[in-house]
Amino acid sequence: MEKLIGEAPRNIENTINFAYINEKILKNYDIHKIRADFPILKREVNGKPLVYFDNGATTQKPQVVIDAITNYYTNMNSNVHRGVHYLSQISTDAFEVTRRKVQAFINAKHDYEIIITKGTTDGLNLLAHCFGKAFVTAGDEILISAMEHHSNIVPWQMLCEEKGAFLKVIPMNEQGELDMDAYKQLLSAKTKLVSVTYVSNSLGTINPIAEMIRLAHERQIPVAVDAAQAIQHIPIDVQELDADFLLFSGHKVYAPTGVGVLYGKEALLNAMPPYQGGGDMIKEVTFEKTTYNELPFKFEAGTPNIEAGICLADALDYISEIGLEEIAAYEHELLAYATAALSKVPGIRFIGTAKEKSSVISFLITGTHPYDIGVILDKLGIAVRTGHHCAQPVMDQFGIPGTIRMSLAMYNTKEEVDSLVAGLIRAANMLL
Amino acid sequence: MSINELQDELIEDFAFFEDWMQKYEYIIQLGKELPLIEEHYKTDDYIIKGCQSKVWLQPAFEAGVLNFKADSDAIITKGLVSLMVRVLSGHSPKEIAESDLYFIDKIGLKEHLSPTRANGLLSMVKQMKLYAMALHARV
Chain A
1 MEKLIGEAPR NIENTINFAY INEKILKNYD IHKIRADFPI LKREVNGKPL VYFDNGATTQ
61 KPQVVIDAIT NYYTNMNSNV HRGVHYLSQI STDAFEVTRR KVQAFINAKH DYEIIITKGT
121 TDGLNLLAHC FGKAFVTAGD EILISAMEHH SNIVPWQMLC EEKGAFLKVI PMNEQGELDM
181 DAYKQLLSAK TKLVSVTYVS NSLGTINPIA EMIRLAHERQ IPVAVDAAQA IQHIPIDVQE
241 LDADFLLFSG HKVYAPTGVG VLYGKEALLN AMPPYQGGGD MIKEVTFEKT TYNELPFKFE
301 AGTPNIEAGI CLADALDYIS EIGLEEIAAY EHELLAYATA ALSKVPGIRF IGTAKEKSSV
361 ISFLITGTHP YDIGVILDKL GIAVRTGHHC AQPVMDQFGI PGTIRMSLAM YNTKEEVDSL
421 VAGLIRAANM LL
Chain B
1001 MSINELQDEL IEDFAFFEDW MQKYEYIIQL GKELPLIEEH YKTDDYIIKG CQSKVWLQPA
1061 FEAGVLNFKA DSDAIITKGL VSLMVRVLSG HSPKEIAESD LYFIDKIGLK EHLSPTRANG
1121 LLSMVKQMKL YAMALHARV
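The listed protein sequences correspond, in order, to chains A and B.
Each residue of the first sequence is one higher than the last, beginning at 1 in this note's numbering.
Each residue of the second sequence is one higher than the last, beginning at 1001 in this note's numbering.
Excised from the complex, chain B in its bound form (with noise of 0.2 Å):
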């Protein structure tokens, strides 16, 4: 699936939930169940500090796709950094360079990539970005 498929599947799944109690539930849920990177790389090498909460990514580009492991010590944090890494990994870096990430909005969390809320997701978006257009720059 695109980027753009992937973001359409995520904006319908979550126009199920009635309120923001369900839909945070969920969020809180992906952030639990996924133990997304390994302790030994939650080092400084791949941290991005928020003001708040830390986030860790990890990146590896192997057969023309860029993948994302990434993880975070909030639980809503880490739940949308799941959701981050579900649209965005498994492209080629062009495609992620260039893609537009409209779902967050349209899924009603825009808040959480506001500067203010110092929480680094919004500065692991730019990291990926960065990653994927380093790389296209190089392919």
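Bound-form chain A, shown alone (with noise of 0.2 Å):
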């Protein structure tokens, strides 16, 4: 990074790490023409232009992998991994040619590390279910985080409840961060894994992933990263962070719904147990005995979202284009002013003032409760995210029955900021 902004004051108006933001990164980016490249920001809602706020819920999708999608069943449309005829050939190819696209996109060491889920839910069932099936026994410890969401609990809760085994969970402050030393006490002989959020979808917190998988390693304790809300704000190195697992979902990062990446390590995911049986899973199979296939067929059974499959690379190749370092800055930049523009809203509580945060504002309005705030905002052309989260688990710790997050990606801008500042100052007034 070159020229800096300059120094943070740390205070709830500016939590932002504004070391992330870089001044020539920012002229470049091109605002205008990236908009463009969303349809669906053209439209109206309730006769309002559209403001989209909810991209931590699914982000929206850029014309070329719309196109991509229309080109998918156009031209291509055929299973993968079973025909020898043409069509089945190349949508084969291409399947394939997302898997090395993810490769090089996180930068794993293999391409056939990269698992195709349905998505970061779907991976960590099979990560709990393959995981527990190796490793875990009666007495056993997962560990996770105060802040995880509920897929990243409830799953580990099934195994831990199958097992005998025990969930722990690392404790957070006030302000949404992750309490490292009680993190270091809690990981002990017992640890199987680590399972942790790279980024809090409720909160926005930035977890300090690489220092928490020192330490695990440390103790030869793998960890898995639920990089959901990580993979579209922050450049991903697994062999940098030295992370055992990582999954995010594709419709997180501007690709269609319904695929998912679970990353691993050769070795573990050699040493894990096949997830479900079926088709593409197989080396051979008699009523006797099945042989299985190897990575990463071991673990994809049935056909996938082959659609979805192939156009995650269009979205990865989209966003790589534009690039992640220069996404990242922007969204920092627009962090940094929609959380000093909110703060002038009139009883305005933020929930998660961690240090490092990622583009993610969780809020309340004295007074008044997210649904009623969220119902406004929709009559006025404005999408964000009310309730819970699907973290129940930071809301009870904060006391609070749910929040209004607003969730920023790569084409949000100050206007828009603005448009939400005022919505929400026009709903309190309505309400109060």
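Among the clues, some could well be false.
[Claimed, not checked] Below, computed lysine-lysine pairings styled on DSS-like, alpha-carbon distance capped at 25 Å:
hint	chain 1	residue 1	chain 2	residue 2
1	B	LYS1054	B	LYS1110
2	A	LYS48	A	LYS379
3	B	LYS1106	B	LYS1126
4	A	LYS118	A	LYS101
5	A	LYS414	A	LYS48
6	A	LYS168	A	LYS133
7	A	LYS414	A	LYS33
8	A	LYS265	A	LYS192
9	B	LYS1110	B	LYS1032
10	A	LYS379	B	LYS1023
11	A	LYS379	A	LYS42
12	B	LYS1106	A	LYS48
13	B	LYS1110	A	LYS379
14	B	LYS1106	B	LYS1129
15	A	LYS118	A	LYS265
16	B	LYS1110	B	LYS1023
17	A	LYS379	B	LYS1032
18	A	LYS289	A	LYS133
19	A	LYS48	A	LYS33
20	A	LYS184	A	LYS355
21	A	LYS379	B	LYS1106
22	B	LYS1023	A	LYS48
23	B	LYS1110	A	LYS48
24	A	LYS379	B	LYS1054
Think of the hints as simulated: they come from the structure by calculation, not from any bench.
Dock chain to chain to rebuild the complex, using the hints, since each chain is given by itself in its own frame.
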């Protein structure tokens, strides 16, 4: 990074680390062109221009991805890894291109370490099931954090129940930052796996994932990283991080829904049994015994979402062309702007004020219910998420039923932030 | 008045509103004005959990009619809840069980009864009808 804009004071209005913001990058970021790439951004909702701030739930799709979907069904549609015929070959090739693109995108050592899943939830269930079968027995511990999405809680609870193992939770402070001292204490000979989120979907906290992996590895404990809210905002290098597993969803990174990725280190994946039985995952089947296929197919039973799988490559190409560093810098500046702008809304209370944050601002307006705010914002054409964000334990810790969450993407603008601020003031005036 | 007469009355009231702002301001006002349920009834026995807002529903059957008191922690939901109570309360279980709630659609608030809204309102209407059906089956 070149010239920095300056150090930010540590207070509620400015919890953003300005080290990310680079003036030169910002100057070259062509927001108008990027917005033009996303056709849905031109539409109106309830007679108002759409302001889409629910990117943490799913991102919109650029025209190149939409075109790729059409192209798949127009010119390629055929099952993968099956036929010798032409269409099956080109769709298989395209599907495997995605695997290699993902490999490059997260810098995995081998393409067969990339397991194509239905999404992060699917990947976490696969991991809990297969890792659990291979490595977890009664009395063992799985370590997660207090800010996990339900998808990184429930599969582990199910595993622990089945095996008589224990789920341990790394606590967090009032800012929504993990207690690293407690984390060190919780790592023990009984810990079989640490499974933590890179970025909190409800608070926006960026966890010190590299440090957490280093600490776990000191005790030979593998770490799974839920990167569902990180992959679209932060450049990730799994080898540099030394992550043992890393998961994300395609639809949160501008690709279609129904496709996701589970990255795992070869040795670990090989030591794990298959997840589901069926087509593609076998080498040989007789009624007496089935031998399993090798990586990655061992974990990919059944016909995948081929269209989404293929188009994930187009989405990754799209953001790679613009540059994830550039996107991260732009989003960070926008996050800083939004945090400052929102802090001027009367009665606002931020939930999650970690020093390191990414693209999510969760808040409440004193005296109002998040649902009511969400309903009125919707009437103004503004899409936010309200509720507990599938992170009820987080809401419980803050003693609230839910929050209003704005989550940014590469195509959002300061003008949209201004619309949100005006909408919130209007909603509060109606409700209070 | 019958359930349908009450619905028609509400549809007429809402016809006067010129835009969504006025409509919602009215609903919010209804929500604010009506302390619908006593605090000690706001327990898990009476709760209908939506994903986002909570609704409490307290039925009372007396002299052949079913009365409802209800409440919500979200003000727009509370306003909508009060509309439901106004329409359904004070009728026989048979009338309530057989009622067709068309007014929500007609006054342009259909989206609030969609399952995806998860505000507890749809579950509340179902619960009101269940109480009525159970009572109707008994008498």
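Consistency of the hints with the structure:
no.: 1; hint: B/LYS1054 with B/LYS1110; verdict: 19 Å, holds
no.: 2; hint: A/LYS48 with A/LYS379; verdict: 8 Å, holds
no.: 3; hint: B/LYS1106 with B/LYS1126; verdict: 19 Å, holds
no.: 4; hint: A/LYS118 with A/LYS101; verdict: 17 Å, holds
no.: 5; hint: A/LYS414 with A/LYS48; verdict: 17 Å, holds
no.: 6; hint: A/LYS168 with A/LYS133; verdict: 19 Å, holds
no.: 7; hint: A/LYS414 with A/LYS33; verdict: 16 Å, holds
no.: 8; hint: A/LYS265 with A/LYS192; verdict: 16 Å, holds
no.: 9; hint: B/LYS1110 with B/LYS1032; verdict: 21 Å, holds
no.: 10; hint: A/LYS379 with B/LYS1023; verdict: 11 Å, holds
no.: 11; hint: A/LYS379 with A/LYS42; verdict: 17 Å, holds
no.: 12; hint: B/LYS1106 with A/LYS48; verdict: 23 Å, holds
no.: 13; hint: B/LYS1110 with A/LYS379; verdict: 14 Å, holds
no.: 14; hint: B/LYS1106 with B/LYS1129; verdict: 20 Å, holds
no.: 15; hint: A/LYS118 with A/LYS265; verdict: 19 Å, holds
no.: 16; hint: B/LYS1110 with B/LYS1023; verdict: 13 Å, holds
no.: 17; hint: A/LYS379 with B/LYS1032; verdict: 20 Å, holds
no.: 18; hint: A/LYS289 with A/LYS133; verdict: 19 Å, holds
no.: 19; hint: A/LYS48 with A/LYS33; verdict: 21 Å, holds
no.: 20; hint: A/LYS184 with A/LYS355; verdict: 20 Å, holds
no.: 21; hint: A/LYS379 with B/LYS1106; verdict: 18 Å, holds
no.: 22; hint: B/LYS1023 with A/LYS48; verdict: 18 Å, holds
no.: 23; hint: B/LYS1110 with A/LYS48; verdict: 20 Å, holds
no.: 24; hint: A/LYS379 with B/LYS1054; verdict: 22 Å, holds
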